[in-house]
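A.B. asks: If you want the building blocks of each chain, they are given just below.
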Amino acid sequence: MSTTNPQNRAGEPADEVLLRVRDLEVEFNTSKGVATAVNGMNFEVRRGQALGILGESGSGKSVTARAIMGILDMPPAHIPRGEILLEGEDLLTITPRRHRQLVGSRVSMVFQDALTALNPVHPVGRQIGELYRVHRGYSRRDAKAAAIKMMDKVRIPAAASRVNDYPHQFSGGMRQRIVIAMALALDPVLLIADEPTTALDVTVQAQILELLKEQQEERNMGLILITHDISVVREVTDQVAVMYAGRIVEHGPTAEVLSRPGHPYSRGLAASIAGEELKGHRLPAIPGTPPDLLNLPVGCSFANRCPFGTAECLTAIPALESIDEARHSACFQTREVLAHAHA
Amino acid sequence: MLGYTIRRILQMVPVVIGATFIIYALTFLMPGDPVAALTGSRPLPESTVAQIRLAYHLDDPFLVQYGNYMLGLVQGNFGIDFFGRPVLGLILERLPVTFALAMTAWALKMVIGLAIGVYGGLRNGQAGDHFALVFTVIFLGIPGFVIALGAQTVFGVQLGWVDPAGIRAGWPLAFILPALVMAIEASAGLARLTRTSLVDVLRAEYLRTARAKGLSPRRVIWGHALRNAMIPVVTYLGLSLAGMLGGAVIIEAIFNIPGIGGLMVAAINNKEGTVVVGIATMLVLVYLLFNLFVDLLYGIIDPRVRI
Amino acid sequence: MSQNTETNQATEPVADPLAPTNPITAPAGIGVPAPAAGLARRRPATKRSRGPVWLKPRFLISGSIVAVMLLMAAFPQLFAGFGSDPTANCDILKTNQPPSAEHLFGVDIQGCDYYTNVVYGARASILVGIVVTAISFVISAILGSLAGFFGGWVDTIISRACDMAFGLPFILAAIVVLQLFSQRTVWTVIFALALFSWPGGVRFMRSSVMEVRNREYVQASRLLGASNGRIIAKHIIPNSLTPLLVLQTLGIGGVISAEAGLTFIGIGLTPPSVSWGLQLAAAREYISAAPHLLVFPAIFLTITVLGFVLFGEAMRDEFDPKGK
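Residue numbers (this note's numbering), protein chains in the order written: chain S, 1 to 343; chain W, 1001 to 1307; chain D, 2001 to 2324.
Keep in mind that the hints were calculated from the coordinates and are not lab data. Just so you know, even glycine gets a beta-carbon here, dropped at the ideal spot from N, CA and C.
These stretches of chain S come out as covered by chain W in the derived footprint (C-beta under 8 Å, 3 or more residues):
| id | segment |
| --- | --- |
| 1 | 69-76 |
| 2 | 103-114 |
| 3 | 126-140 |
I would like the entire structure built from these sequences, with the hints used as guidance.
C.D. replies: Put into structure tokens, the structure is as follows:
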């Protein structure tokens, strides 16, 4: 699995690795059998780095995030294999007590829909302040003061007067800021944002992304941004991992991957974005549907939809291999795909 | 809050008028002559009968009688019975007994129902949950008065632990058995609702958030889940308190408890319309006041409902 | 309460904004990953068993109880022996005899075979339970649909009427009505119980119809010029009536229980009706001398109510998962 550490070999400044996920597998027991939602994930996040995880619904990106946070519902989910190392500690094997100490303070999460992510019956100040009370033993008053400070920091207007308001009294964008304030409250080293802008209006989306980016840079945090939206990835992240059917199929610097994809699936994704040159044409789409997670194919999961597919693809799973400096792709035909991109 | 309360009270007015009208009309239609019921086998002199009929406006048209009654009601006058006793006094004499019974039953029901419901909800899908479910089905399936009869036979007659009839022992001793019987029957619904509500809340996204904040399971459940789960439960609890007053009637008859139920049955047998209507009006008022109280409480427990 | 339904969808982005431009995500057929994983989180695997509904144990058990009781109500002769009659072959000398080989359930106060009596008692209870529920169902369906579908003043009148009927505690109102009659038959009791049994059903139906009426496909068919009658027949009835029927089924046990309770305290059925409530009331005086008089009708009543309650719940779990 050495192939998953592109930066090391690339000789970039040896920044501190915050999170290292190794061979992670997550399965769900369903009535119809075992569904493999995450199937051998490998990646890492360094201090100050923003990693985008790009994929469609069901590709396993949210499940990965929840596995890291330890908030999968088990059962039906279980993790048969893998390691999730946060600053060297394996989150899957440490005691529940230690896990609770780390989650929420060293690593924290921004959820997709702030309206359902916030408890409707508690004032927002109390929900932010709870972190200080539980993790740092603040008094009620200190926790409230700290919560107001945090709300200020995420630019909620008149924070001091709104601290006792309830989630439903805020607009969608403001609610998402509160969720971000909660996630940043204890100065985490790593922030996971799971589709943080999907539930928002387009104009608000930009503001929230800007806030996330700004806070990440200011705090020099690691950031994992999970999304299906290529433009979001392009705007915020410096590295991107493209996921398909529970695996990373391509990984590398965002700009390069999006402009010159090395995997047929990333290529399909990149091509499906409407651009100036496509005006008046039908948007190219990837034909077919993703594989059934209950019955993953023997070979490459993407083979049945792949324009580059060969006989080999149906019998063997391509490994994630280095194709370039700092770039990896899991495809037997990577060279050809890249060549196509040039043409 | 004040505006809402006033608005709600104003909305109650037509309901009170309608409900009392129904009861009054039904009582008016009751077969038999109230004066004859009063006198028994020995007929009264013609003049006395006429006097009584005049005094109680029995010869007035129905709507006039009803109008007079409502006028008195507004002034806090529930009328007098055929023995000249004020109906309000009769009711107030019996009401505390029924109240004590209903409240005791309600409190017991709350304890039993919430305990089973929360237990079942937290053990969702496990053996404990199924066990709790079986309990509630049995509670729900056995008619309350059968439980009452059984309990009375076993604890009252056979074991002699409690006085099978009467309330001479006073509260709480004499009330425990009838209240427990009422509570057992009523706790099934509460337990179910609590369980369902808790199971739903435990799946909510904000509980995932709470876990992602590194909170202990205990804090997640007590601090975040239960209050949300209680929102529908509180409504139900409030409504059922009023319902318990009605249910107390049958239990009072079985256990010979001299409450409103006994008064009502006696009044019906004596064709004392004013007493029947008085009781019904009183219960309707109490019922509506409870509902109002529940609605106000709802606004406190669920901040999304601003009133 | 609304947040509960919303969380259903929160497990995965349902409306994937990529979808309009990118058909990768569009055709979500069966066995597509996202719903499978989502479902897995919502439901334990054991919940979904295959096979016909009526072969599930809960249906089988409760259904057979209900079927036997219905049969007993319709043809008591089948159970008590042909030619038998609750009042036939009574021997006053045998009064209150305990169970024996000849009289399985013993003998009652008048010296009649108690088994025959208890079997014949089923008819009153079950008739009351089913007819009251049926009346309540019809009233609820009609008034609820009218209020929910037409709104406006129709809705106002019906809703206010509901409020008033709700203002009266059910048992209390039933008692007042029952007292209008000195001879009370099964039909009197049915009348009294049915008179105030509908407000809950009407409210349920009203909100359910309103919800269906406001769904987008119904609005769409209205815009396409469908008549009220067509909308009611095609959309409202199939979507609202089943849940109402299930809800009403759940109430049958309660009605049977209420009838027996009222009869027991002397306000329900009066002799010469034969019913479990009356038998229990009569048995009460001989509680220590002849406990069998109390036990058998109580067992029959309990099994019947339990059977109907279980049956109603099995129906609800099957046809109306929302109501759980």
